[in-house]
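Chemist: Chain by chain, the residues:
There are 2 protein chains.
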Amino acid sequence: MLLELPQREIGGVVPPLSELQQMVNHCRKNNIKLHLDGARLLEVLPYYEKSAAEVSALFDSVYLSFYKGVGGIAGAILAGDESFIEEAKIWKRRFGGDLISLYPYIIPADYYYEKRKNKMKRYYEISRYFAERFNQINGLYTKPKVPQSNMFHLYFEQGIEEIEQLLKLVYEECGVGITASIQKKDNDYFAEISFGDAVTVIPETVIEKMFLTIKQNR
Amino acid sequence: MLLELPQREIGGVVPPLSELQQMVNHCRKNNIKLHLDGARLLEVLPYYEKSAAEVSALFDSVYLSFYKGVGGIAGAILAGDESFIEEAKIWKRRFGGDLISLYPYIIPADYYYEKRKNKMKRYYEISRYFAERFNQINGLYTKPKVPQSNMFHLYFEQGIEEIEQLLKLVYEECGVGITASIQKKDNDYFAEISFGDAVTVIPETVIEKMFLTIKQNR
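Respectively, the protein sequence lines represent chains A and B. Reading the first sequence from the start, the letters are residues 1096 to 1313 in this note's numbering. Reading the second sequence from the start, the letters are residues 1096 to 1313 in this note's numbering.
Misleading hints may appear alongside valid ones.
Any copy will do: because identical chains look the same in the list, a pair fits if it lies in one copy or spans two.
Lysine-lysine pairs mimicking DSS-like chemistry, simulated, CA-CA at most 30 angstroms apart [as the list claims (entries may be wrong)]:
1. Lys1184 with Lys1279
2. Lys1238 with Lys1280
3. Lys1279 with Lys1238
What the hints contain is simulated information worked out from the structure, not anything from laboratory work.
Please take these sequences and the hints and turn them into a complete structure.
Modeler: Right, here's the structure in full:
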């Protein structure tokens, strides 16, 4: 069984730890191998208030991406017991993971991992702050309402043309690009918003202007 | 059918153009698709005195590597007719060729291709010159005797310990590393030697000292 933590498609949320533990218990009792799609595992640790080792210990195998919150170029790490990893190495080769040179991915992964592994709490707090502010604007809301990671979905309650016009205006007036991609779910439009170092260099006055511009132009 | 030009394992040689044309004719007559493993195609064009387009026109599909003579980090280009390439794209994805970011390979490939595509004749001439000089040293010989590309195999007619000692001495005395890898074929030891920009920055006096050191220490 594969479990994604946090679950991107629903706004970066996770089950409560008690529920997670129940799933783990069920799998162990029934000899079901449990794999963690932990592409964004680091990003959800501040919410769980657990270490990567503690969460990973619940699973038989764990994958963690180097180009999500870590911000590398591409690549991932796979962890599991020795025999699993030995077999995975064969499949890595079969699926083209053994390029003659991989250092353009390994060096940035190593560099940004060290640089950002302890910043996930900060990204999480920024995410909660932005969600709170967006939710105060009439017609805008986030899913989840209170983020559990450095990401959430921002819903607009408008048509695609109005949303694009608004985002263009914010970009032109404030120099802030909120998203590059609007998605549709049922009849509603939303943008996936995630936070990293980029947001921390935007001056507070610019961010305030951004919120004001959105508020005044809906 | 797949044909490698030049053939690395036998020292970077190619069949004569007339023979190549016969093979092409045979394949066409019998509806056999002919693929060119042209990893080092550029490197053999000066010997053939043909353009890449002229040689490629003999084949149904062509692969060219960006990290051999071109000197990129990894990657290759595949050429063929439209329907072949459309299908190849699916297999590229299946075999892991669609990483989220490929620019660390594309940028150097583009850069070094432009920088080196017209230098292959120079590498070929250097290769011929070095082979001639090695062949003048008692006990050393190259395969082929007269190189057809920027590479050849250098045979030593000595045991592995003597060869390693000799290469170490050359490295220490002259600062020139001739090879990082000695291979065995039947009972003979050889090194694959290929030439690129690196050799062009070694002063002539150093190269002369290298030949002299080899000559005096065999």
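Chemist: Next step is simple, just say for each hint if it's right about the structure.
Modeler: Hint check results:
1. Taking the shortest Cα distances, Lys1184 and Lys1279 sit within 30 angstroms of each other only across copies (28 angstroms), while inside one copy they are farther apart (38 angstroms).
2. Taking the closest pair of Cα atoms, Lys1238 and Lys1280 come within 30 angstroms of each other only inside a single copy of the chain (12 angstroms); across copies the shortest separation is 66 angstroms, beyond that limit.
3. Taking the shortest alpha-carbon separations for Lys1279 and Lys1238, only the intra-copy value of 14 angstroms comes in at or below 30 angstroms, while the best inter-copy value is 64 angstroms.
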